[in-house]
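Engineer: Chains as they are written, first to last, in the numbering used here: chain R, 1 to 116; chain W, 1 to 116; chain S, 1 to 116; chain X, 1 to 116.
Heads up, a few of these hints could be off.
For identical chains, the list gives no copy identity; a pair is met inside one copy or between any two copies.
Stated by the list, open to error - No farther apart than 27 Å at their CA atoms in a straight line, the calculated lysine-lysine pairs in the DSS-like style are these: (1) Lys-60 with Lys-99; (2) Lys-83 with Lys-111; (3) Lys-112 with Lys-93; (4) Lys-105 with Lys-83; (5) Lys-54 with Lys-99; (6) Lys-107 with Lys-96; (7) Lys-105 with Lys-60; (8) Lys-111 with Lys-99.
These are calculated hints, taken from the structure and not from any lab test.
There are 4 protein chains.
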Amino acid sequence: MTDRIAALSATLAAFAHERDWEQFHTPKNLAMALSVEASEIVEIFQWLTEAQSKRLPPEKVQHLREELADTFVSLLKLADHYKVDLIEAAHQKLEKNAKKYPVEKAKGSAKKYNEL
Amino acid sequence: MTDRIAALSATLAAFAHERDWEQFHTPKNLAMALSVEASEIVEIFQWLTEAQSKRLPPEKVQHLREELADTFVSLLKLADHYKVDLIEAAHQKLEKNAKKYPVEKAKGSAKKYNEL
Amino acid sequence: MTDRIAALSATLAAFAHERDWEQFHTPKNLAMALSVEASEIVEIFQWLTEAQSKRLPPEKVQHLREELADTFVSLLKLADHYKVDLIEAAHQKLEKNAKKYPVEKAKGSAKKYNEL
Amino acid sequence: MTDRIAALSATLAAFAHERDWEQFHTPKNLAMALSVEASEIVEIFQWLTEAQSKRLPPEKVQHLREELADTFVSLLKLADHYKVDLIEAAHQKLEKNAKKYPVEKAKGSAKKYNEL
Chain R
1 MTDRIAALSA TLAAFAHERD WEQFHTPKNL AMALSVEASE IVEIFQWLTE
51 AQSKRLPPEK VQHLREELAD TFVSLLKLAD HYKVDLIEAA HQKLEKNAKK
101 YPVEKAKGSA KKYNEL
Chain W
1 MTDRIAALSA TLAAFAHERD WEQFHTPKNL AMALSVEASE IVEIFQWLTE
51 AQSKRLPPEK VQHLREELAD TFVSLLKLAD HYKVDLIEAA HQKLEKNAKK
101 YPVEKAKGSA KKYNEL
Chain S
1 MTDRIAALSA TLAAFAHERD WEQFHTPKNL AMALSVEASE IVEIFQWLTE
51 AQSKRLPPEK VQHLREELAD TFVSLLKLAD HYKVDLIEAA HQKLEKNAKK
101 YPVEKAKGSA KKYNEL
Chain X
1 MTDRIAALSA TLAAFAHERD WEQFHTPKNL AMALSVEASE IVEIFQWLTE
51 AQSKRLPPEK VQHLREELAD TFVSLLKLAD HYKVDLIEAA HQKLEKNAKK
101 YPVEKAKGSA KKYNEL
C-alpha cells in the first residue's frame, strides 16, 4: 500500500525534474512561495465578515481549492527537503500544544498560552 | 484502513471541540493563522543564503519541523471546513500546471506562465 | 527643511552600515523581512472579532506600534534600494485606483474591480 | 507647512469615505490586506537570486513601485486608526534595536539578538 502523500511527493519531484526546476526550489525560495500561496488564500477572505467566510459561493470555493492545493504543494516540497513527515510532525506538535493549552485553562479562550 | 490525513483531521477537530475553540476557527481566522504560521517558516530563512537554507543545523531543523506542523494544521482545518481533499486537489492543480508550464517552454525557466 | 522620511532613511542606512549588515539587506531578503513583520501584525488580530480589532487594550496598542514600526522600516529600506518615493508612489497608485474603482460603481462594495 | 504623510492620510480617508468603504477597513481587515500586499512584493523576488533581486529590469521596478505603494497605503491606514506616527515609532524602535544589537556584538552577524 502506498501512502497517498508519498505518492504526491514523488509526482511533484518528477514534475520539477522534467522542467529542470530543482535549481529554483531551494528551501529559502520554497518558504517564500509558501507564504505567497498562503496570502492568496487570505486575499479571498480579507474583506468578508467571519460569517461570510463560512459560506463562500461555489466559484469561490473552487478558487480556494486551487489555492489550498498550491499552498500544500509548497509546504510538502519544503517538508520533503528536510525529510519531515507532516502527519507525524503534526501529531507531535499537537501533543506539545495539549500541554501548553490544558483544557481547564484554555476552554473558550483565544489567548496565547503565555497570557492564559 | 484509515487514511492518515483523515485521522489527523479527526484528532484536530476533537482538540478544538474539547477547548470550545470552534467559535474562533472561522475560515477567515484560519486563513490568517495559516499565513502567520507560513511566515514563521519564512523567518527561519530570511537572512540565510539559498545555499545555507539547504543545510540547516539540527536545532533549526527541529524548529522548522514544528512550524511546518503548525502550518499544515491550519491548512488542513481550512480545507476540512470546505471538504477539500488536499491530495486530490493537489493532483488536479498539477494537471492544470502541466498545461500552463509545458516542458518544452518551461524547462530551466523560473518565469511565470504568462511571461514564457 | 529636511523631509522626515528622508531623515529616517539616512538613520536606517547608518544603522545597517555600522553593523556591516548591508550584505544581508538584499531586496529579496528585505521582501521576506517585510512579510514576516506584516504577519506579526496579523498575529495580533487573528483571533479577534472585527469589533475587538478596533479597540485594542493599551498594551496591545504598544505592541502593534512596534510591529508597525518594524514593517515600515523594512518597507522603506526596500523602497530606498529602488529609489522609490513611497508618498509619491502612493498618490499615483491612488489615481490609478480611482479609475479602477469609480465612486458610482464601487460605493458600498468590497468587490474587486474586475468583479464590479 | 503640511506634513507629506498627513496629507496622504487625509487623501486616503477621503477616498474611502466617498466609496463608503470605512465599514470594510477594520484593523483586522487592514492587517490582512497589508500582508496580502506584502506578499505581492515577495512574489516578485521569490525565484530570483539575491544578486538578481538587486537589479530588476525597469518594468519589474515599475511593478514593484505599485506594490510598495499598496503596502504603504494599508500600513498607513492601520497606523492612522491607532493614531501611530510611523516615523516617530520607527525612530523609537530603532533606539530599542540599538540596545538589542550593540555594534560590537552584532557586527557582520545575521543572528537574532537572543542568539548573539
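Engineer: Look at each hint and say if it fits the structure.
Structural biologist: Status of each hint after checking the structure:
| no. | hint | verdict |
| --- | --- | --- |
| 1 | Lys-60 with Lys-99 | between (37 Å within a copy, 22 Å between copies) |
| 2 | Lys-83 with Lys-111 | between (33 Å within a copy, 25 Å between copies) |
| 3 | Lys-112 with Lys-93 | both (16 Å within a copy, 24 Å between copies) |
| 4 | Lys-105 with Lys-83 | neither (35 Å within a copy, 31 Å between copies) |
| 5 | Lys-54 with Lys-99 | neither (30 Å within a copy, 32 Å between copies) |
| 6 | Lys-107 with Lys-96 | within (17 Å within a copy, 36 Å between copies) |
| 7 | Lys-105 with Lys-60 | between (37 Å within a copy, 21 Å between copies) |
| 8 | Lys-111 with Lys-99 | within (15 Å within a copy, 30 Å between copies) |
In the structure shown, a violation is registered for the earlier hints numbered 4 and 5, in ascending order.
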